[in-house]
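Asker: In this note's numbering, the protein residues as written are 1 to 676.
To be clear, the hints were calculated from the coordinates, so they are not data collected in a lab.
Mixed in with the good hints there might be a few duds.
[To be verified] Cut-off 30 angstroms, straight-line C-alpha distance, at most; resulting in silico cross-link-like pairs (DSBU-like, lysine-lysine):
id, residue 1, residue 2
1, Lys182, Lys216
2, Lys142, Lys354
3, Lys529, Lys194
4, Lys436, Lys479
5, Lys354, Lys289
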Amino acid sequence: MSDQIQFIVEKLNQEPFRKNYNLITFDSLGSTQLLQLLSDVLGEIDPKHAVDIREELPEQTAKRMLSLLSILKYKPPGSVSDLSAFRQGLVTGSKPVIHPLLHWLLQRTNELKKRAYLARFLVKLEVPAEFLHDDTVADINKQYEELMEAFKSLHKECEQLKTSGLSTAEIRRDIDAMEEEKDQLIKRVERLKKRVETVQNHPRILEIARQLRVEKEREESLARQKQEQKNQLFHAEQRLQRAQLQLKEMLHAVADSKPESLMKKLEEEINFNTYLVTEKIPRELESKKNSTYILQKVAAEPAMSQSDLNVLESKINEVNAQMNQLIEKRMMKYEPADSKFSMYRQQASIMSRKKEAKAEQLQAAKEELSSVEKQMQQKTSQAHGLEGSEVLKGDELKHYVNKLRSKSTFYKKKRLEVAEITAEYGILQRTEELLKQRHEAIQQQLQAIEDKKGISGYSYTQEELERVSAVKSEMDEMKGRTLDNMSEMVKKLNSMVAEKKASLAPVIRELRQLRQKCQELTQECDEKKIQYNSCAAGLESNRSALEQEVKGLLEECVQEESNYHYINCMKRNLEIQLQRAKEEMKAYVSSDPQERRKAIREQYTRMILEQENLGKKLREKQKVVRENHGPNMKQIKMWQDFEQLMQCKRECFLKQQNQTAIGQVIQEGGKDRLVL
Numbered sequence: 001m002s003d004q005i006q007f008i009v010e011k012l013n014q015e016p017f018r019k020n021y022n023l024i025t026f027d028s029l030g031s032t033q034l035l036q037l038l039s040d041v042l043g044e045i046d047p048k049h050a051v052d053i054r055e056e057l058p059e060q061t062a063k064r065m066l067s068l069l070s071i072l073k074y075k076p077p078g079s080v081s082d083l084s085a086f087r088q089g090l091v092t093g094s095k096p097v098i099h100p101l102l103h104w105l106l107q108r109t110n111e112l113k114k115r116a117y118l119a120r121f122l123v124k125l126e127v128p129a130e131f132l133h134d135d136t137v138a139d140i141n142k143q144y145e146e147l148m149e150a151f152k153s154l155h156k157e158c159e160q161l162k163t164s165g166l167s168t169a170e171i172r173r174d175i176d177a178m179e180e181e182k183d184q185l186i187k188r189v190e191r192l193k194k195r196v197e198t199v200q201n202h203p204r205i206l207e208i209a210r211q212l213r214v215e216k217e218r219e220e221s222l223a224r225q226k227q228e229q230k231n232q233l234f235h236a237e238q239r240l241q242r243a244q245l246q247l248k249e250m251l252h253a254v255a256d257s258k259p260e261s262l263m264k265k266l267e268e269e270i271n272f273n274t275y276l277v278t279e280k281i282p283r284e285l286e287s288k289k290n291s292t293y294i295l296q297k298v299a300a301e302p303a304m305s306q307s308d309l310n311v312l313e314s315k316i317n318e319v320n321a322q323m324n325q326l327i328e329k330r331m332m333k334y335e336p337a338d339s340k341f342s343m344y345r346q347q348a349s350i351m352s353r354k355k356e357a358k359a360e361q362l363q364a365a366k367e368e369l370s371s372v373e374k375q376m377q378q379k380t381s382q383a384h385g386l387e388g389s390e391v392l393k394g395d396e397l398k399h400y401v402n403k404l405r406s407k408s409t410f411y412k413k414k415r416l417e418v419a420e421i422t423a424e425y426g427i428l429q430r431t432e433e434l435l436k437q438r439h440e441a442i443q444q445q446l447q448a449i450e451d452k453k454g455i456s457g458y459s460y461t462q463e464e465l466e467r468v469s470a471v472k473s474e475m476d477e478m479k480g481r482t483l484d485n486m487s488e489m490v491k492k493l494n495s496m497v498a499e500k501k502a503s504l505a506p507v508i509r510e511l512r513q514l515r516q517k518c519q520e521l522t523q524e525c526d527e528k529k530i531q532y533n534s535c536a537a538g539l540e541s542n543r544s545a546l547e548q549e550v551k552g553l554l555e556e557c558v559q560e561e562s563n564y565h566y567i568n569c570m571k572r573n574l575e576i577q578l579q580r581a582k583e584e585m586k587a588y589v590s591s592d593p594q595e596r597r598k599a600i601r602e603q604y605t606r607m608i609l610e611q612e613n614l615g616k617k618l619r620e621k622q623k624v625v626r627e628n629h630g631p632n633m634k635q636i637k638m639w640q641d642f643e644q645l646m647q648c649k650r651e652c653f654l655k656q657q658n659q660t661a662i663g664q665v666i667q668e669g670g671k672d673r674l675v676l
């Protein structure tokens, strides 16, 4: 608690409060002074609350402070049952309530300033639903919500710009680098000017180069315009083709349809659109508005902590449990007489759900149909772009079908011919197999004869030699052709190399000069870069050393200032205590009875005597009350019984008067009848 009070005193002695308090003077503040101090702190957070509490009622002060604390999300220490005590302590200026509140406010002043500023624009004014039926009020409320959303987006952009800004050191480095590049470019331009001045007619050459650059830029712009015109022409042709296709489709639909079918189709579309406009879309719009209103309300509220979410979840669970209990009670009280109505209600709800499902399916089918039509239009436009034929309809389609039929008959004839050829191929394949079998049998007989004569493998060797000789002759022919091709290729390559050398000779000479220039510029750039790096490293090291030195001196300065303020506060406390001790000693030692009565010891002695006398009187009064308690309770009981007795008599008297009045009315009615 002492650390808390010390922190409050230190913050109040600083800017912007500058109260010059110490622990003793702050602890001796009264309830009104504490409330005024709290109002000053709240006024620093929100300037609207910079008010003198003497000019307003205590209820208004408490209401104003509680409203701001609810916006700032202050949670009093303790349980929920302590909220009434917190409100009472805030009204009376109790120290156990004010001190933690001041500590919480002074800890996070900047954050609370931002929250109070945002609350001025983001705390939504709740307009009653009956006033929103007025168009003017609804428009103004809509504009108000739009402005709130715009303020949110602008505030977020502002915060992002504040957090994403570049540091001054980076900007300075970029400026220095840009200035160095500027100097290098100026030097390079001066060197180029000196080189150009040696050329004859250099102003005329520069003018021609400028005109050439202008003409090239103009040529590029004309090429872009030409390409844009081509694209626009292509898109216009596509739109024309789509319009023509739609016109043909509409004409075809009108030609093939009857008025009755068109009317029926239009009636179905009108019924479906009427259902959408009168039932489905308003219901969906209402649900979207409710969800949007809830989301806006949630977004307008400040950020919630985990404890707030836990409280909300517990409340939701309680409400769900209550709902379940009510449903169970309703089911227990269910009457059989309403069974028919419930059945009809269930059937009606089922039919309405089916109707909604079918409407959604129809809507999805229409969307799919429109997407398919768009794809078909894209495909037709692509076909037109590829110079393809259009989609055939009517007589063209019939002609195309007849053509396909003639082609199918021709195809069938050719397929029969292919079947005959396939059968013939099977016969020939079987003949080939038989001939292979006979050849294998003859080969076996030949090998047996060669084995008998002692010359086995003669026929195989003869065949291999014939095959190798044939392959060799083919390879020789291929080698001859390859050599001729290679000689022709070499001649062509030599001629091409000579042509390329002749064409590249001036380019190579220019390239050598440019390489030499590049080497000179690279060497110069390396030298400048080394100088720049050395200079930058030296400056960076000096800057870092100076920054460290300045940082250390600032820390020492802050520490010395805090020590100075602490010693000054302790000195003031000791001086005040010493002064009070001297005054007390002077008053206690003084021979004047008036001065001695001003001493604190004498005051406390008098207060003790007064309290002792008051205690004696109260004890005597308590004794008298205890002695008279029994007789007084008996007397109260007797008076209560007497009151009940008198009440009973009064009721009997009133009943008797009513009966007599009724009897008189009956007698008067009988007399009237006798007279008649």
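Asker: So, for every hint listed, does it hold in this structure?
Answerer: Hints and how they fare:
1. Lys182 to Lys216: holds (27 angstroms)
2. Lys142 to Lys354: Status violated; Cα separation ~36 angstroms.
3. Lys529 to Lys194: holds (24 angstroms)
4. Lys436 to Lys479: Violated, at about 35 angstroms.
5. Lys354 to Lys289: holds (24 angstroms)
Violation of the numbered hints given earlier is confined to hints 2, 4; the remaining hints are satisfied by the structure.
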